[in-house]
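**Q** Sequence:
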Amino acid sequence: MQGAEQGLRSSAGGGSNQVRVRAYNERLVLSLVRQHPGCSKADIARLTGLSPQTVSVIMRSLESDELLMRGEPIRGRVGQPSVPMFINPEAVFSFGVKIGRRSADLVLMDFAGTIRQQKHQTYRYPHPDNLLPFICDGIAELEAGMEVAQSSRIAGIGIAAPFELWNWAEEVGAPPGAMDIWREVDLQAAVQARMGHPVYLRNDATSACGAELVFGAGQRYPDFVYFYIGSFIGGGIVVNAALFVGRTGTAGAIGPLPVRDKHGETRQLLDIASIFVLENLLRERGIDPQPLWYAADQWIDFGEPLEIWIQDTAAALAQAVVAASSIIDFAAAIIDGGFPDWVRKRLVQATIEAMNRLDLQGVMVPDIIEGEVGAQARAIGGASLPIFDRYLIDQTVLFKETHHAEGN
1 MQGAEQGLRS SAGGGSNQVR VRAYNERLVL SLVRQHPGCS KADIARLTGL SPQTVSVIMR
61 SLESDELLMR GEPIRGRVGQ PSVPMFINPE AVFSFGVKIG RRSADLVLMD FAGTIRQQKH
121 QTYRYPHPDN LLPFICDGIA ELEAGMEVAQ SSRIAGIGIA APFELWNWAE EVGAPPGAMD
181 IWREVDLQAA VQARMGHPVY LRNDATSACG AELVFGAGQR YPDFVYFYIG SFIGGGIVVN
241 AALFVGRTGT AGAIGPLPVR DKHGETRQLL DIASIFVLEN LLRERGIDPQ PLWYAADQWI
301 DFGEPLEIWI QDTAAALAQA VVAASSIIDF AAAIIDGGFP DWVRKRLVQA TIEAMNRLDL
361 QGVMVPDIIE GEVGAQARAI GGASLPIFDR YLIDQTVLFK ETHHAEGN
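Under UniProt numbering, the first residue of the sequence shown carries the number 1, and numbering increases by one thereafter.
Simulated from the structure, these hints should not be mistaken for laboratory data.
Treat the hints with care, as some may be off.
To be verified - Quick list of the computed label-pair ranges, beta carbon to beta carbon:
(1) Q118 x I74: 34 to 40 Å
(2) A193 x T122: 21 to 27 Å
(3) Q118 x G303: 54 to 60 Å
Glycine included, every Cβ here is placed at the ideal spot set by N, Cα and C.
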């Protein structure tokens, strides 16, 4: 993985999955059914502007290919009963991989975005000698447990990984030079060489933001700034219902944003609002920090150090929200991370309170809300990459289509 990628990269060599890439109108219909579960053919025709006959042909084709499935007809209206349509979860499967500074996750996701199986690995620091077997052997094991019909519907493997892993060696406590190997390793190519499915790669925080856009609170906000707090904080930007990754693919990587700490000193956001800071607080107090990395949803309440971290993080996040909102009047600031729901709730509430202590004159304050995808957002975002490449369209088109339809 050399340097910063330009957004999403894919390598689609060979592979056993011969399911064809869908045509544009088929993708549009699939995407709208995903966004509006239970919509009817008439609803799709209204949202797209396509003729009822065209929509009927497309939906019959998608139903024939088992990508869509029918619900119970809704009767009681004039004319023919309305038939609600839904995404068929069994239609497509994909693998998602999250590479973190302290842990890695592998998930098997269905077409509806539900995690079917998952694996987790912790480590002192990421190294390809450990990660490649975890990814490749893990996928082989999960695939071996699938039915033949399911394994024939695997769309690919999506990897969500940080940029330039070698730059974080000191913060994660790796031995000097131990992570320099990442300067030479192309993780995507290494996995592709060992696996038969197409492999996709995207920045981890951008992947998490994409998951929130498609499966979470982002469906209700066409513009938002996103904060994902892992070992290091990262983020993303959504404008007009589309991920904005910028010229180098690093737009919205809010970690380097300058903020003031509680002592009035200017520091980078990642030096305050990252889980490794909590890890250090616990270690300083003689508390074992390892439970932070075992399972994101099973933290214990660490008491005072956790509260200190929440308050400091919230104060820094509030400053970051003001800075971001001064550039773009985002409708929302969405906060999520690798921690339990109860920690996220406390952090969001503390951020709202910290915002109220700042000078907000001239700032259009966005809604500050909890993310809905949760700790697996990066892995889910990774698993979404092959599905979008083959079957769906980006949210920009959906926003334009629905906005146009609602304006008519």
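**Q** Take a look at whether the Cβ-Cβ distance between A193 and T122 falls inside 21 to 27 Å.
**A** Holds, since A193 and T122 (Cβ atoms, about 26 Å apart) stay within the stated range.
**Q** State, for the Cβ atoms of Q118 and G303, whether the hinted interval 54 to 60 Å holds or is violated.
**A** For Q118 and G303 the Cβ distance comes to about 30 Å; the hint is violated.
**Q** Okay, Q118 versus I74 on CB: inside 34 to 40 Å?
**A** Because 36 Å falls inside the window, the suggested range holds.
Violated hints amount to a single one, hint 3; each of the other numbered hints is respected by the structure.
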